[in-house]
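Chemist: Sequence:
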Amino acid sequence: MNYGIDEKISKPLLYRKLTNDKVINITGEGGAGKSTLCENFRKNANEYIVIDFDSINLNNNKVGTLEYDLVKLIVNKYGKDIFPQTHHRNGEKQMLINEEFFEKCSICFATIYDEIINYLAPTGKVIVIDGSQYRFVNDASKIKGEFIALRTSLETCLNQSFSRHKKLNQEETEEQLFKHRQNKKEMFKIFNPLLNSTINTVANLSINKFDNNFKEELRTSLSELINSILENNYSSLSLEEQNFLKNIQAKKVITMNNYLDIMPKFINTPNYLEQLNISKTISSKPFLLTNNAILINLDELYLNGYRKVEDILNLFTEELKSYLNIKSLDQSL
2 MNYGIDEKIS
12 KPLLYRKLTN
22 DKVINITGEG
32 GAGKSTLCEN
42 FRKNANEYIV
52 IDFDSINLNN
62 NKVGTLEYDL
72 VKLIVNKYGK
82 DIFPQTHHRN
92 GEKQMLINEE
102 FFEKCSICFA
112 TIYDEIINYL
122 APTGKVIVID
132 GSQYRFVNDA
142 SKIKGEFIAL
152 RTSLETCLNQ
162 SFSRHKKLNQ
172 EETEEQLFKH
182 RQNKKEMFKI
192 FNPLLNSTIN
202 TVANLSINKF
212 DNNFKEELRT
222 SLSELINSIL
232 ENNYSSLSLE
242 EQNFLKNIQA
252 KKVITMNNYL
262 DIMPKFINTP
272 NYLEQLNISK
282 TISSKPFLLT
292 NNAILINLDE
302 LYLNGYRKVE
312 DILNLFTEEL
322 KSYLNIKSLD
332 QSL
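Mind the numbering: the sequence shown is residues 2 to 334 in the numbering used here, read in order.
Since the hints were derived computationally from the structure, they do not count as laboratory data.
The C-beta atom is built at its ideal place from N, Cα and C for all residues, glycine as well.
Each hint should be verified, as a subset may be incorrect.
[To be verified] Straight-line distance between alpha carbons at most 27 Å, and here's what the computed DSSO-like set of lysine-lysine pairs gives:
1. Lys-105 x Lys-185
2. Lys-322 x Lys-253
3. Lys-63 x Lys-185
4. Lys-9 x Lys-266
[Claimed, not checked] Here are the computed distance ranges between Cβ atoms for each label pair:
5. Asn-269 x Gly-80: 47 to 53 Å
6. Glu-232 x Asp-22: 52 to 58 Å
7. Asp-115 x Tyr-235: 54 to 60 Å
8. Asn-269 x His-181: 32 to 38 Å
9. Ser-323 x Pro-265: 24 to 30 Å
Using the sequences and the accompanying hints, generate a full structural model.
Modeler: Right, here's the structure in full:
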């Protein structure tokens with residue numbers, strides 16, 4: 002399945018929790034809405050600290066900003082050559098895009114990413130890193146915390162990015178504006194496949210270490226547990242509770258690494274903050290009931306320390322008791 006950004010069709014944001022670190026990674030193309038989403042985090046400065054990765058990489062920050070301080074720290078530690086070099090052509094600052102450039106960008110990303118986290122971790126706040134530079138990730142398994150990809154279509158990104166540029170550069174001629182738009186379009190052609198590669202890699206990361214034998218044992222054991230609960234508690238349950246358990250009993254048990262493939266069914270709002278809240282809520286559920294199945298979120302269980310079949314079954318029983326508002330259930334097999 003292709004989880005990347007489409008040329009013409011916008012998709013709901015992609016959310017994955019990769020580790021329990023207090024880091025939120027937000028990526029997407031220019032004009033996707035990253036800055037707008039980040040503003041919601043900036044409003045809660047007591048809990049979140051937001052950093053613009055792209056502006057650090059471009060090294061054009063104002064004195065007194067967090068990004069400026071980080072660039073100063075990085076340059077003092079590694080030298081200016083850590084950043085991709087620019088050259089001038091027709092009076093414009095440009096980068097020479099070749100194999101050496103991409104390799105340097107990957108090294109630069111990994112270095113700056115680690116420095117950002119090391120520098121900001123002592124604040125105790127959730128670190129929000131905003132940028133399209135995630136396209137240069139070499140090893141996606143080293144991304145910490147939560148990963149959010151805004152998958153606004155390239156067509157929409159181009160239009161929104163161009164509108165913003167036009168508003169900020171009202172002195173430009175129509176010829177200059179047209180040239181800017183064409184350059185932006187060309188950049189998307191070159192760089193978007195790289196970002197899509199990162200998004201797809203993150204989407205397909207295997208966080209849990211459960212093998213097929215474990216998954217089969219878990220599915221079988223959960224089915225047996227449900228049968229046992231219904232049989233042992235049937236007479237003490239209300240008719241509504243009996244019917245609910247019978248309904249669960251009839252469902253197929255399916256283990257999934259995460260809920261990415263079913264997530265779009267739950268999201269019907271264009272608002273990215275609402276999409277994020279829905280995605281986080283659903284992704285954090287270890288078990289999910291659909292019309293015909295019980296879905297088990299293996300990544301969520303693994304991240305939260307549930308790595309034995311017995312522990313997962315006990316958690317399921319507790320969730321069932323909470324849902325039915327019952328203090329105890331006989332789950333003996």
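Chemist: All hints, please: hold or fail.
Modeler: Hints versus structure:
Distance hint between Lys-105 and Lys-185 is fulfilled; the C-alpha atoms sit about 22 Å from each other, no more than 27 Å. Restraint check for Lys-322 and Lys-253: the C-alpha separation of about 20 Å stays at or below 27 Å, so the hint holds. Proximity of Lys-63 to Lys-185 is assessed by CA-CA distance (about 24 Å); at most 27 Å being required, the pair is judged to hold. Among the hinted pairs, Lys-9 with Lys-266 is consistent with the structure: their alpha-carbon atoms are about 20 Å apart, no more than 27 Å.
Asn-269 and Gly-80 have their C-beta atoms about 50 Å apart, which keeps the hinted 47 to 53 Å range intact. Checked against the hint of 52 to 58 Å, the C-beta distance between Glu-232 and Asp-22 comes to roughly 43 Å, which is inconsistent with it. Distance hint for Asp-115 and Tyr-235: a CB-CB separation of about 56 Å, consistent with the stated range 54 to 60 Å. Checked against the hint of 32 to 38 Å, the pair Asn-269 and His-181 passes, with Cβ atoms roughly 35 Å apart.
Take Ser-323 and Pro-265: their Cβ atoms lie about 28 Å apart, and the range 24 to 30 Å holds.
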